[in-house]
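Asker: These protein sequence lines map, in sequence, to chains S and W.
With this note's numbering, you'll find the first sequence wraps up at 90, consecutive numbering, no jumps.
With this note's numbering, you'll find the second sequence wraps up at 143, consecutive numbering, no jumps.
A couple of the hints might just be wrong.
[Unchecked claim] Ranges of calculated distance between the beta carbons of each label pair, as one might list FRET restraints:
| id | chain 1 | residue 1 | chain 2 | residue 2 | range |
| --- | --- | --- | --- | --- | --- |
| 1 | W | T131 | S | S20 | 25 to 33 angstroms |
| 2 | S | D33 | W | D10 | 45 to 53 angstroms |
| 3 | W | P31 | S | S24 | 28 to 36 angstroms |
[Claimed, not checked] If you want the footprint, here are the derived chain W segments under chain S, 3+ residues with CB under 8 angstroms:
| id | segment |
| --- | --- |
| 4 | 55-63 |
| 5 | 85-94 |
| 6 | 97-109 |
[To be verified] Just a sample of chain W residues kept apart from chain S, beta carbon distances all over 10 angstroms, derived:
| id | residue |
| --- | --- |
| 7 | Y9 |
| 8 | P21 |
| 9 | G30 |
| 10 | F40 |
| 11 | G112 |
| 12 | V137 |
Bear in mind the hints are in silico, worked out from the structure with no lab data behind them.
Ideal Cβ placement from N, Cα and C applies to all residues, glycine included.
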Amino acid sequence: MAIEVRIPTILRSYTGGEKSVEASGATLTALIDDLEANHPGIRERLIDQGELRRFVNVYVNDEDVRFIGGLDASLSDGDQLVILPAVAGG
Amino acid sequence: MLTIDQETYDAIVAHAKRDHPDEACGVVAGPAGSDRPERFVAMVNAAGSPTFYEFDSTELLALYKEMDERDEEPVVIYHSHTATEAYPSRTDTDLAMEPGAHYVLVSTRESGNNEGPVEFRSYRISDGVVTEEDVTVVDRLPD
Chain S
1 MAIEVRIPTI LRSYTGGEKS VEASGATLTA LIDDLEANHP GIRERLIDQG
51 ELRRFVNVYV NDEDVRFIGG LDASLSDGDQ LVILPAVAGG
Chain W
1 MLTIDQETYD AIVAHAKRDH PDEACGVVAG PAGSDRPERF VAMVNAAGSP
51 TFYEFDSTEL LALYKEMDER DEEPVVIYHS HTATEAYPSR TDTDLAMEPG
101 AHYVLVSTRE SGNNEGPVEF RSYRISDGVV TEEDVTVVDR LPD
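Isolated chain W, as found in the complex (with noise of 0.2 angstroms):
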């Protein structure tokens, strides 16, 4: 299960209906082996599209060398889809490398830039394999 704050909540899907049409994506940081997401990281995706996403290679050595030294880890990662379901695509599945991660799908497409509905669903990817797992937002993270 994912356990995460509304705040958190709140700036990812406000980032993914910001670069609606094209797909956003970010991390939220944590202490590591906490599975507390706790520092929410937007990132620019480098590929700049409706249909793919990349952390920009720059970007992401730097965001690895400041989880690095903050001795976190990328407790989520989220990315949006514009067009279709919060379900991992198979190019997701491909390419998750992180299976320790909460993988976070949210689907534009109702929405567009306005308010409106997200789906915001979360899922393990380990070994080519995604299992959905609930969400549960809460005022803040238990201490």
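Extracted from the complex, chain S is given alone in its bound form (with noise of 0.2 angstroms):
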């Protein structure tokens, strides 16, 4: 199952400069489990204490994994995944 990943330029020091990779998973907790096989030290990027990061937006076919189950949310073959940083402060 081949899932297209696309990898904001923070996050592309883990990916060899790739901006944009292929993953699988039938979940998002899944999907970043395989990322994190290929490219050791994004979960963490993406991941605290089990929740997706309260500053990281991941969109699954430009809805954000937020509305559709978070970490939880299911995938399929062909769907698109960005990766986006929140743009925030003080």
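From the two separate chains plus the hints, produce the assembled complex.
Answerer: Written out as structure tokens, the structure reads:
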């Protein structure tokens, strides 16, 4: 099962500079595990204490995963996933 | 150093004054690798707060997809401080995720919504380190 994952600039150090990588998983959690297997260190940038980090946005087919189950969001072959850090501050 | 044209500078200041006392935010996009802030994009502060800003997540995705299609990057990321100086807060530093961008801070603490002076300063923020840089305002960007 291949899912295209768009990697933001700040995380491309984990993907050898690649803007986009393929990964697989039936849920977002499984997909992030698969990403971690190939790009060690990336999971910690996305997940903290079992939750998606507050200032990391993940979209599946343009939908913010927070509205479709978060880490439990189910994924299908051909889905497009985008990771974007929030642009935020005080 | 940040080199920015007068019209874009004025647009950022106007946005900051308009949204005062809430923080205003946005980007100026430019061709990837050019360091030219060419396309002003005001964003909604989804936090609607005088002490915090966050791009709306749906608008954030739309913005980045658009920049991607146009082979652009966020050359400037700006936001305002409405009661404090134009210097990155601890939160700004912790959440800065675009080490290639110029982070512009505008303070409207003196002007509020009105005519009057604002502070307009620019920084690089990378790995939690803040480095201020000079700002040069030109009539138009050089060709």
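Asker: Evaluate each hint against the coordinates.
Answerer: Going down the list of hints, with the structure as the test:
Evaluation of the 25 to 33 angstroms hint for T131 (chain W) and S20 (chain S) yields a pass: the beta carbon distance comes to about 31 angstroms. The hinted range of 45 to 53 angstroms is satisfied by D33 (chain S) and D10 (chain W), whose Cβ atoms lie roughly 49 angstroms apart. Between P31 (chain W) and S24 (chain S) the beta carbons are some 34 angstroms apart, a value that agrees with the proposed interval 28 to 36 angstroms. Counting residues of the segment 55-63 of chain W whose beta carbon lies closer than 8 angstroms to any beta carbon of chain S gives 5, which meets the minimum of three for the stated coverage.
Only residues whose C-beta sits within less than 8 angstroms of a C-beta in chain S count toward coverage, and the segment 85-94 of chain W has 5 of them, enough to reach three; the restraint holds. Counting residues of the segment 97-109 of chain W whose C-beta sits closer than 8 angstroms to any C-beta of chain S gives 4, which meets the bar of three, so the coverage hint holds. Distance check on Y9 (chain W): its Cβ is at least 20 angstroms (rounded) from any Cβ of chain S, clearing the 10 angstroms threshold; non-interface status holds. Annotated as non-interface, P21 (chain W) keeps its C-beta farther than 10 angstroms from every C-beta of chain S; the closest such distance is 14 angstroms.
Distance to chain S confirms G30 (chain W) as a non-interface residue, since its nearest Cβ pair spans about 14 angstroms, more than 10 angstroms. Look at F40 (chain W): its CB is around 15 angstroms from the nearest CB on chain S, clear of 10 angstroms, so calling it non-interface holds up. No Cβ of chain S comes within 10 angstroms of the Cβ of G112 (chain W); the nearest lies about 19 angstroms off, and the non-interface call holds. V137 (chain W), annotated as away from the interface, keeps every beta carbon of chain S farther than 10 angstroms; the closest lies near 23 angstroms.
In this structure, none of the earlier numbered hints is contradicted; all agree with it.
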